[in-house]
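Visitor: In case you want the letters, here they are:
Number of protein chains: 2
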Amino acid sequence: MKLVCTKDNLKKGLFAVSRVVGSGNSLAVLNNILLKTDQGRLKLSSTNLEIGVNTWIGGKVEEEGALTVPARLINEYITNLPTDKVTMSVKDTTLSLESENYHTNIRGLSSEDFPLIPQVLDEAYTKIDSEELRKALSETVWASSQNETQPEISGIFMAFEEGKLRLAATDRYRLAERMVVLDQPVSASREAIVPSRTVMELYKILGSSKGMVEIYFSETQVLFKFDETEIISRLIDGNYPDYRQIIPKEFKTEAGLSKDDLTHALKAASLFAPESNNVQISVDKDGVTVNASSAQAGENVTKVSAKVTGEKNTATFNFRYMLDCLNNLAEPKVVFRMINDASPAQIVPEGRDNYLYIVMPIKL
Amino acid sequence: MKLVCTKDNLKKGLFAVSRVVGSGNSLAVLNNILLKTDQGRLKLSSTNLEIGVNTWIGGKVEEEGALTVPARLINEYITNLPTDKVTMSVKDTTLSLESENYHTNIRGLSSEDFPLIPQVLDEAYTKIDSEELRKALSETVWASSQNETQPEISGIFMAFEEGKLRLAATDRYRLAERMVVLDQPVSASREAIVPSRTVMELYKILGSSKGMVEIYFSETQVLFKFDETEIISRLIDGNYPDYRQIIPKEFKTEAGLSKDDLTHALKAASLFAPESNNVQISVDKDGVTVNASSAQAGENVTKVSAKVTGEKNTATFNFRYMLDCLNNLAEPKVVFRMINDASPAQIVPEGRDNYLYIVMPIKL
Chain C
1 MKLVCTKDNL
11 KKGLFAVSRV
21 VGSGNSLAVL
31 NNILLKTDQG
41 RLKLSSTNLE
51 IGVNTWIGGK
61 VEEEGALTVP
71 ARLINEYITN
81 LPTDKVTMSV
91 KDTTLSLESE
101 NYHTNIRGLS
111 SEDFPLIPQV
121 LDEAYTKIDS
131 EELRKALSET
141 VWASSQNETQ
151 PEISGIFMAF
161 EEGKLRLAAT
171 DRYRLAERMV
181 VLDQPVSASR
191 EAIVPSRTVM
201 ELYKILGSSK
211 GMVEIYFSET
221 QVLFKFDETE
231 IISRLIDGNY
241 PDYRQIIPKE
251 FKTEAGLSKD
261 DLTHALKAAS
271 LFAPESNNVQ
281 ISVDKDGVTV
291 NASSAQAGEN
301 VTKVSAKVTG
311 EKNTATFNFR
321 YMLDCLNNLA
331 EPKVVFRMIN
341 DASPAQIVPE
351 GRDNYLYIVM
361 PIKL
Chain H
1 MKLVCTKDNL
11 KKGLFAVSRV
21 VGSGNSLAVL
31 NNILLKTDQG
41 RLKLSSTNLE
51 IGVNTWIGGK
61 VEEEGALTVP
71 ARLINEYITN
81 LPTDKVTMSV
91 KDTTLSLESE
101 NYHTNIRGLS
111 SEDFPLIPQV
121 LDEAYTKIDS
131 EELRKALSET
141 VWASSQNETQ
151 PEISGIFMAF
161 EEGKLRLAAT
171 DRYRLAERMV
181 VLDQPVSASR
191 EAIVPSRTVM
201 ELYKILGSSK
211 GMVEIYFSET
221 QVLFKFDETE
231 IISRLIDGNY
241 PDYRQIIPKE
251 FKTEAGLSKD
261 DLTHALKAAS
271 LFAPESNNVQ
281 ISVDKDGVTV
291 NASSAQAGEN
301 VTKVSAKVTG
311 EKNTATFNFR
321 YMLDCLNNLA
331 EPKVVFRMIN
341 DASPAQIVPE
351 GRDNYLYIVM
361 PIKL
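So the protein lines, in turn, are chains C and H. Position one of the first sequence corresponds to residue 1 (this note's numbering), numbered consecutively onward. Position one of the second sequence corresponds to residue 1 (this note's numbering), numbered consecutively onward.
Keep in mind that the hints were calculated from the coordinates and are not lab data. Be careful, since some hints might not be right.
Note: identical chains are not told apart, hence a pair may lie in one copy or across any two.
List time: in silico DSSO-like cross-link candidates among lysine-lysine, alpha-carbon distance up to 30 Å [to be verified]:
#1 Lys259 with Lys7
#2 Lys259 with Lys135
#3 Lys204 with Lys43
#4 Lys7 with Lys303
#5 Lys7 with Lys307
#6 Lys210 with Lys252
#7 Lys36 with Lys135
#8 Lys249 with Lys204
#9 Lys2 with Lys303
#10 Lys91 with Lys307
#11 Lys43 with Lys135
#12 Lys36 with Lys259
#13 Lys249 with Lys259
#14 Lys91 with Lys204
#15 Lys363 with Lys91
#16 Lys135 with Lys333
#17 Lys225 with Lys210
#18 Lys85 with Lys11
#19 Lys210 with Lys36
If you're wondering where the values come from, they're calculated on a predicted model, not measured in any experiment.
Start from the sequences and build out the full structure, keeping to the hints where you can.
Guide: Pasting the structure below:
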């Protein structure tokens, strides 16, 4: 292998593929990135056996070839490099990097030992605007279960129906649901559960990418493709819970209020809920009151002005579940809805109907 | 106690005193900050029994009093508070904080249980411009020993002689020395060893402070006073090593080169010195060459252009010791001087003669 490329392109390519690679894998090749010439470009690949990432960068290929090298080492080396261009060449299992005054050999491992990243060959199933998808993921992905014993809710549910994608994430105590308009309506509906880790990687690698994300499916895999990058992941096998039946249709109490005011009030109260995470939220005609108390720390009561309709109401919530939602909404105002101290409450951004968040009160 | 003050003043005061407070002390009052009305202002104090910090903020005192409250809790509470003003009042051992819609009680401990912070009553021994002092500390403090079994070199040496302060820090493998012009010459020379932790706190609390730092001494204590803040610390008992005798007077080789070029070269080499930290530096008429190799990772050689005089020379250094110095110099160019592979080498910023750094080569 021999090729010349710019440092910036190489850095960008390494950024995309490096995040899924570990550094302490007992199978050494899993700590590595595969570099391979591919139709006049350099293809970089990484995998953790659950997620695979491929990306292509431009370069002047002078000789075909391939090698895997430690992800962390080449990443740190290229990040530090002050030069504009890099000449890469492979001899046996050594990668040479030459650029101006910098002469470096990195020991690698044969490309033949690198796990095969599955290919998803079908035509694109659908397309989504990448900024829209990124926003939708930021409003949902954190709500999924961290508990690996419930595999089906440890992923993000994706239901494609005609011109829409419905995203959902839940851990059974709270639920985030987001609708996204597809750029290319689907001909046949489809449901899938994508591992949270895959969705987090997709979110991070998408970064400030503009343009379209193409989605491909096989029986057991999903592939997201944008710019010059592909993320391939296994799907989670199982039935996603029929969560829509628990979304209340009607509420008894509604309060429209400033997201920042509510956030500050919850954070103040959180300091007085050091062990339980429990804060009490009360709504009456004067507004919303947030309070918490602890025998050791003390107590806090904060009034938040709100436009309230309906009955007065009080319930106890995990403040982290409230903040997770508020921290990920862009709107300055939110609507908070309640039924009673044992039924799901709801948060939605004011003036937008493609998102809802449901949170269960804590039974004391 | 009752007083009204601005949130910003309180936040600033808490910042100054909070850094020395732990949160897991078995003696609970050491996790706390002492709040005390003092001649029409609020005095905030903290101590870890080695270092004490006092700071004063303006406020409208309506009733005298004092209480200690958990540092972390009040800090986080005030940092989050979106209001402009805070009314504080004490009843028994509870501090009430009232501001607009926020009503909070924090459980504290009696001010009588708070350790006495020693007073250093003498007149100011000398004065130093605070920006000058901060720069001088940034160039030296990290060079002191982390090894508590050598208490005298775990501190920063300060020698006041007429119109100058000489600062030194060493761990026996490297040495940083900095001269600072005093704003008020001393009438009697004095030497002291100040704990590194004290100097680090001073450095951080100094922040962007302008104006003068006054220095006071007692037999066993030093006090730094600036703006509305005092840091009091014990001194380290012992004799600082007579380090000046090991500073070479003459060198065989001198290379003037770009600080950034040398830094990049050292960082590139560091990736190929994962266990030993050893990098080889060679100087000849063509410039400076930095290289490292490891059986596992590979090898790197970087040429750095330099203006070289004297003999050619090669030695091995701990790259961290080189980078510690380079990372803390503001100048774009440095001068690197060598004798041989067993004698101290030197780094100085080009065009400034109040600083020198000595580093021992590694014997292979």
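Visitor: Take the hints in turn and mark each one as holding or not.
Guide: Hint by hint, here is what the structure shows:
For a Cα distance limit of 30 Å, the shortest separation of Lys259 from Lys7 across copies, 21 Å, qualifies, whereas the shortest one inside one copy, 43 Å, does not. Within a single copy, Lys259 and Lys135 get their C-alpha atoms as close as 18 Å, which meets the 30 Å cut-off; across copies the closest is 43 Å, which misses it. Taking identical chains as interchangeable, the C-alpha atoms of Lys204 and Lys43 lie at most 30 Å apart only when both belong to the same chain, with a minimum of 20 Å there against 46 Å between chains. In this assembly of identical chains, the alpha carbons of Lys7 and Lys303 lie at most 30 Å apart only when taken from different copies (18 Å versus 54 Å within one copy).
Taking the closest pair of Cα atoms, Lys7 and Lys307 come within 30 Å of each other only across two copies (28 Å); inside a single copy the shortest separation is 55 Å, beyond that limit. Taking the closest pair of Cα atoms, Lys210 and Lys252 never come within 30 Å of each other, the shortest separation being 42 Å inside a single copy and 58 Å across copies. Taking identical chains as interchangeable, the C-alpha atoms of Lys36 and Lys135 are never at most 30 Å apart, the minima being 33 Å within one chain and 49 Å between chains. For the homomeric pair Lys249 and Lys204, neither the shortest alpha-carbon distance inside one copy (34 Å) nor that between copies (55 Å) is at most 30 Å.
Within a single copy, Lys2 and Lys303 get their C-alpha atoms only as close as 67 Å, which misses the 30 Å cut-off; across copies the closest is 23 Å, which meets it. For a Cα distance limit of 30 Å, the shortest separation of Lys91 from Lys307 qualifies neither inside one copy, at 71 Å, nor across copies, at 35 Å. Proximity of Lys43 and Lys135 under a CA criterion of 30 Å is satisfied intra-copy only: 28 Å inside one chain copy versus 47 Å between copies. When the C-alpha separation of Lys36 and Lys259 is checked against a cutoff of 30 Å, the pair qualifies neither within a copy, at 49 Å, nor between copies, at 36 Å.
Only within a single protomer do Lys249 and Lys259 lie at most 30 Å apart by alpha-carbon distance; the minimum there is 23 Å, versus 66 Å between protomers. With identical chains, the CA atoms of Lys91 and Lys204 are never at most 30 Å apart, being 34 Å at best within one copy and 50 Å at best between copies. In this assembly of identical chains, the alpha carbons of Lys363 and Lys91 never lie at most 30 Å apart, being 66 Å within a copy and 34 Å across copies at closest. With identical chains, the CA atoms of Lys135 and Lys333 are at most 30 Å apart within one copy only, with a shortest distance of 17 Å there and 46 Å across copies.
Taking the shortest alpha-carbon separations for Lys225 and Lys210, only the intra-copy value of 12 Å comes in at or below 30 Å, while the best inter-copy value is 54 Å. Taking identical chains as interchangeable, the C-alpha atoms of Lys85 and Lys11 lie at most 30 Å apart only when both belong to the same chain, with a minimum of 11 Å there against 48 Å between chains. For the homomeric pair Lys210 and Lys36, the shortest alpha-carbon distance inside one copy (26 Å) is at most 30 Å, but the shortest distance between copies (56 Å) is not.
Consistency note: the structure conflicts with the earlier hints numbered 6, 7, 8, 10, 12, 14 and 15.
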